[in-house]
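Turn these sequences into a full structure, and let the hints guide you.
Protein chains in written order, with our numbering: chain S, 1 to 208; chain W, 1 to 430.
FYI, nobody ran anything at the bench for these hints, they're computed from the structure.
Beta carbons are placed, not taken as given, at the ideal position from N, Cα and C, and that holds for glycine.
If we take Cβ atoms under 10 Å as the criterion, some of the chain W residues that face chain S in the derived model are:
(1) Thr10
(2) Ala12
(3) Arg14
(4) Asp17
(5) Leu22
(6) Val23
(7) Val26
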Amino acid sequence: MIARRAEDEPVPDDEARDAALVKAALAGDAGACRAIWELYAPLVGRTLRRFFATSSERADLGQEVFLRVFKRLHELRDPTELRRFVMGTCLGVARNDLRRRKIRSIIWFTSDTDQFAGAGGANDETRDVAVRLRRMLDDLGAEDRSLFIARYVEKMDLKEVAAVHKMSLATTRRRVARMTKRVSMRMKGDDALAEYADAFARSGSVSG
Amino acid sequence: MSVADTDTRTGAERECDAAAALVREVAGPSAQADPRAWVALQLQVGGAALRRRPGPRRALVAGAIAVMFAAVALAVWRRGAAPSGSAGDVVMALEGGSRARVEKGSQVRLVSASLVLEDGSAELTVGTGPGAVKEIRAGGYRIQAAAARFEIHWWRIDQRLEAYVYTGQITVSNERGRAVATVDAGQRFVTTGAGARATDTGAAPPPLATEPPRTPRKATKTDTVAPPREPAKLGVVATRDPRPRAGGRLSYDAGGDDCRGEPARWTFDEAAGGFAAAGAFTRLSIDRGRAWCGSGSLLADASFTLDGPRDERNMLVRQTGHAVVTLDPPIDLTNRTVTVHLFVEADPSFRFGAGFYVQSAGKKANSPWLQNQMPGRWLTLRHTYGVENRIWEGGTARVDAVSKLAISVWILGPVRISKARVYIDEVDIR
Chain S
1 MIARRAEDEP
11 VPDDEARDAA
21 LVKAALAGDA
31 GACRAIWELY
41 APLVGRTLRR
51 FFATSSERAD
61 LGQEVFLRVF
71 KRLHELRDPT
81 ELRRFVMGTC
91 LGVARNDLRR
101 RKIRSIIWFT
111 SDTDQFAGAG
121 GANDETRDVA
131 VRLRRMLDDL
141 GAEDRSLFIA
151 RYVEKMDLKE
161 VAAVHKMSLA
171 TTRRRVARMT
181 KRVSMRMKGD
191 DALAEYADAF
201 ARSGSVSG
Chain W
1 MSVADTDTRT
11 GAERECDAAA
21 ALVREVAGPS
31 AQADPRAWVA
41 LQLQVGGAAL
51 RRRPGPRRAL
61 VAGAIAVMFA
71 AVALAVWRRG
81 AAPSGSAGDV
91 VMALEGGSRA
101 RVEKGSQVRL
111 VSASLVLEDG
121 SAELTVGTGP
131 GAVKEIRAGG
141 YRIQAAAARF
151 EIHWWRIDQR
161 LEAYVYTGQI
171 TVSNERGRAV
181 ATVDAGQRFV
191 TTGAGARATD
201 TGAAPPPLAT
211 EPPRTPRKAT
221 KTDTVAPPRE
231 PAKLGVVATR
241 DPRPRAGGRL
251 SYDAGGDDCR
261 GEPARWTFDE
271 AAGGFAAAGA
281 FTRLSIDRGR
291 AWCGSGSLLA
301 DASFTLDGPR
311 DERNMLVRQT
321 GHAVVTLDPP
331 IDLTNRTVTV
341 HLFVEADPSF
351 RFGAGFYVQS
361 AGKKANSPWL
371 QNQMPGRWLT
381 LRHTYGVENR
391 IWEGGTARVD
401 AVSKLAISVW
411 ILGPVRISKA
421 RVYIDEVDIR
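Listed below in structure tokens is the structure:
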């Protein structure tokens with residue numbers, strides 16, 4: 001049995017804490033807002049780092065995520081779902097930005113390839129694979145990339161993926177399956193990535 | 001099929017797992033939240049978003065106020081007034097009343113009472129309160145001020161530091177703590193691995209053709225600075241328009257090792273090489289004050305505006321300036337690399353894009369475009385053309401009979417009307 005657990009998966013205590021924070025924030029408690037930010041800023045930062053490798057606009061996007069979270073906090077029906085709400089907002093902001101970048105790159109012919117500039121510590125081979133992977137991810141649409149990050153990188157279960165993408169479970173299942181096929185085909189189509197995937201499978205490491 | 005709860009994973013899912021593991025590895029672990037980001041967030045939110053959704057009446061009042069502010073902002077914008085910072089800059093309130101504006105994309109840290117600039121640009125207004133942040137550290141330099149407003153640009157890749165002083169006085173020290181320069185209001189301090197110099201940020205120089213050679217002004221205390229790392233070319237004050245000394249040539253060689261190889265096709269040391277100005281570029285001349293290599297560069301005086309007529313691509317005609325050269329006979333650029341170096345001198349708030357294109361059989365194939373650049377640094381544009389090259393109109397074009405090469409710079413704002421000086425040097429085709 002392969003153990004898979006979403007990173008930072010909430011536990012009941014966390015949910016109670018989140019509910020209290022949401023209530024306090026909605027009542028105008030600035031300290032509660034700060035506490036929400038302190039709790040979830042690392043999660044947002046990490047997700048954006050995984051979504052966009054380059055650093056140029058991540059800080060701004062992180063700000064944008066929290067601006068939206070605080071502006072729409074009153075729309076959160078279940079205060080215990082704060083983490084999901086933040087994550088959904090974060091992926092939404094990332095998707096929108098990715099779409100904007102793609103449009104910009106078409107209109108302005110800019111080279112907006114999002115490369116793993118942060119792979120400084122890695123050796124040349126890993127860096128090369130990372131760059132190829134990033135190119136491969138760039139070829140995916142914004143939704144596919146968002147699903148990939150949620151499902152495989154953040155290891156969310158399908159229900160959670162559906163919730164953060166505001167889709168039905170059936171649609172989520174279909175689209176995740178389609179995205180999985182696309183990623184797989186592209187991995188197989190690139191010799192270096194295929195080799196990396198083989199080595200990864202042989203090592204038996206799945207949990208990351 | 002559930003991926004999370006089963007061990008019967010398909011090959012496709014395992015490949016996705018491998019890709020995800022690599023993404024996680026490269027992105028690194030979670031970091032603690034940076035408290036300054038909260039300060040910046042509060043500044044952006046302004047407190048309003050943290051409150052409950054306004055009722056209809058409050059929304060109406062808020063809407064009316066927003067419309068008034070928008071009208072005032074639009075009026076100011078249309079008059080061409082430069083705002084204090086570009087869109088996307090982060091403003092931070094620091095200890096002791098100091099205030100920092102960090103340009104979008106810059107990397108900064110706050111270490112005790114210093115702002116550490118890893119890369120990019122930051123402006124510091126030093127406060128007068130206790131414990132005020134009075135120092136910016138960048139690349140081994142410490143820039144300190146008692147009461148001043150100054151701006152620091154640090155390009156880690158080029159190891160280049162620039163300081164602009166708006167008010168007060170700053171002291172630049174090297175990593176050993178030795179003061180290497182004192183820079184007053186209105187002055188600019190520049191240092192690279194090749195040397196350091198201070199300049200006045202005065203008016204633009206007169207045209208080259210009508211001005212007799214001028215000896216550089218006397219050295220000041222900022223002129224004889226020692227660079228912190230490498231032996232420097234000292235003693236010469238690079239004013240904005242230094243003329244060559246009688247019988248001699250000034251050589252700045254900002255390009256460093258790039259300048260030791262075979263000379264480029266267009267060096268602009270002696271002549272403009274057939275280049276002509278178009279669009280927002282009003283005049284081309286040879287400038288001897290700034291060069292990537294050698295003793296001169298092609299200077300384009302530019303007058304950009306975001307108003308006026310549009311061209312066939314619906315682009316504002318005076319938004320972009322071009323330096324165009326006709327290639328006679330036409331040349332084949334297939335699998336060849338075009339390199340251009342350019343430097344834009346303008347107000348620090350000026351933001352621009354740059355690129356070049358070649359025209360072959362009536363079709364224009366452009367290089368990737370650099371967007372949202374800031375003035376005060378050398379940029380290198382380099383592109384290798386293939387057999388088929390993507391073009392603006394859609395589709396592809398061959399570059400086997402290139403008759404024109406054009407180097408373009410366009411304004412992105414925030415000001416709508418702006419003058420700039422664009423230096424182009426060492427244009428090469430290999």
